[in-house]
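When we follow the UniProt record's numbering, the leftmost residue of the first sequence carries the number 1, and every step to the right adds one.
By construction, these hints were calculated from the structure, which means they are not laboratory data.
Incorrect hints may have been included.
In silico lysine to any residue, SDA-like type, Cα no more than 20 Å apart, as pairs [said to hold, decoys possible]:
(1) LYS176 to CYS163
(2) LYS176 to VAL165
(3) LYS176 to PRO164
So the derived label-pair ranges between C-beta atoms look like this [what the hints assert, rightly or not]:
(4) ASN119 to ARG46: 40 to 46 Å
(5) ARG127 to PRO177: 20 to 26 Å
(6) ALA91 to ALA200: 29 to 35 Å
(7) PRO208 to GLU30: 38 to 44 Å
Cβ atoms here follow ideal geometry from the backbone N, Cα and C, with glycine treated the same way.
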Amino acid sequence: MLQQTPVVRVLPVWQQWMERWPTPAHLAAEPPGEAVRHWGRLGYPRRALRLHACARAITAEHDGEVPADHATLLALPGIGEYTAAAVASFAFGGTHPVLDTNVRRVLGRAVRGEEYPPNATTAAERRLAQELLPAVGAPVWGVAVMELGALVCTARGPQCGQCPVQEQCAWRLAGKPPGVARRGQTYDGTDRQCRGRLLAVLRAAHGPVPKTALDVVWDEPVQRERALDGLVADGLAEVLDDGTYRLPI
DNA sequence: CAAGCGTGGCC
DNA sequence: TGGCCAAGCTT
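Given the sequences, and given the hints that come with them, work out the whole structure.
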């Protein structure tokens with residue numbers, strides 16, 4: 001849930017989710033569409049699908065227990081380098097560099113002296129994070145750097161006066177030179193927006209909906225069909241024989 | 001490796 | 001107001 005989504009927006013959804021499905025086995029027992037439905041408006045609904053697939057994999061292949069091993073975690077659906085490191089470190093005390101957007105920004109500023117990290121994670125960043133990682137207390141160190149980035153060393157308007165490493169921050173010592181603005185992602189009029197509207201209809205309906213119910217939420221027919229086909233191809237929607245649509249069973 | 005993938009809040 | 005950003009992953 002936290003992938004590309006602010007913590008404050010995740011919290012309430014996560015609470016309800018954990019109440020409903022306290023273990024991987026509980027979630028695995030549901031059809032994937034229920035995961036998508038209760039994902040709500042968190043965004044990137046494919047994550048809901050993958051979390052559900054992850055729960056089923058954990059249930060079927062790991063006796064219902066979340067693996068502690070980094071490589072085993074990495075093999076699960078929806079779990080990449082960051083999530084594998086975070087779970088192995090924070091949940092199981094493992095020693096892994098956790099390179100999320102916060103950590104990348106903090107290290108980029110404090111060590112490299114630049115306002116923003118590169119667009120994609122580089123080998124140099126991984127090397128640096130690995131070098132800085134303490135042999136003892138890596139989980140606490142990781143959380144600390146992450147929190148520093150989330151609360152103090154923020155993307156916009158960092159609170160350098162309250163930063164515990166302000167005296168040694170390369171970026172501050174260099175006079176906080178402005179970085180290159182990242183190119184923003186457009187949204188209005190995109191397939192993503194169209195998919196979002198279509199899926200919102202399916203989430204709200206607790207059963208198959210006629211295609212006409214989907215047609216009304218997006219005017220441009222070519223794009224609408226493409227987006228709908230995309231949702232079906234991604235496993236986020238199903239077409240029934242009578243031409244109605246629903247969340248996947 | 002670049003592209004594609006949601007949504008909402010903030011300045 | 002609109003661009004930017006948020007505990008990334010997959011193809």
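Going through the hints against the structure:
1. Between the alpha carbons of LYS176 and CYS163 the distance comes to roughly 14 Å, so the proposed pair stays at or under 20 Å and holds.
2. Between LYS176 and VAL165, the direct Cα distance comes to roughly 14 Å. Compliance with the 20 Å bound is thereby established for this hinted pair.
3. Simply put, LYS176 and PRO164 have alpha-carbon atoms about 16 Å apart, close enough for the 20 Å limit, and the pair holds.
4. For the pair ASN119 and ARG46, the supplied restraint of 40 to 46 Å is violated, since their beta-carbon distance comes to about 21 Å.
5. Distance hint check for ARG127 and PRO177: the Cβ-Cβ separation is about 23 Å, which falls inside the suggested range of 20 to 26 Å.
6. Restraint check, ALA91 to ALA200: a C-beta distance of roughly 33 Å satisfies the suggested window 29 to 35 Å.
7. The hinted window of 38 to 44 Å between PRO208 and GLU30 is violated, with their beta carbons roughly 18 Å apart.
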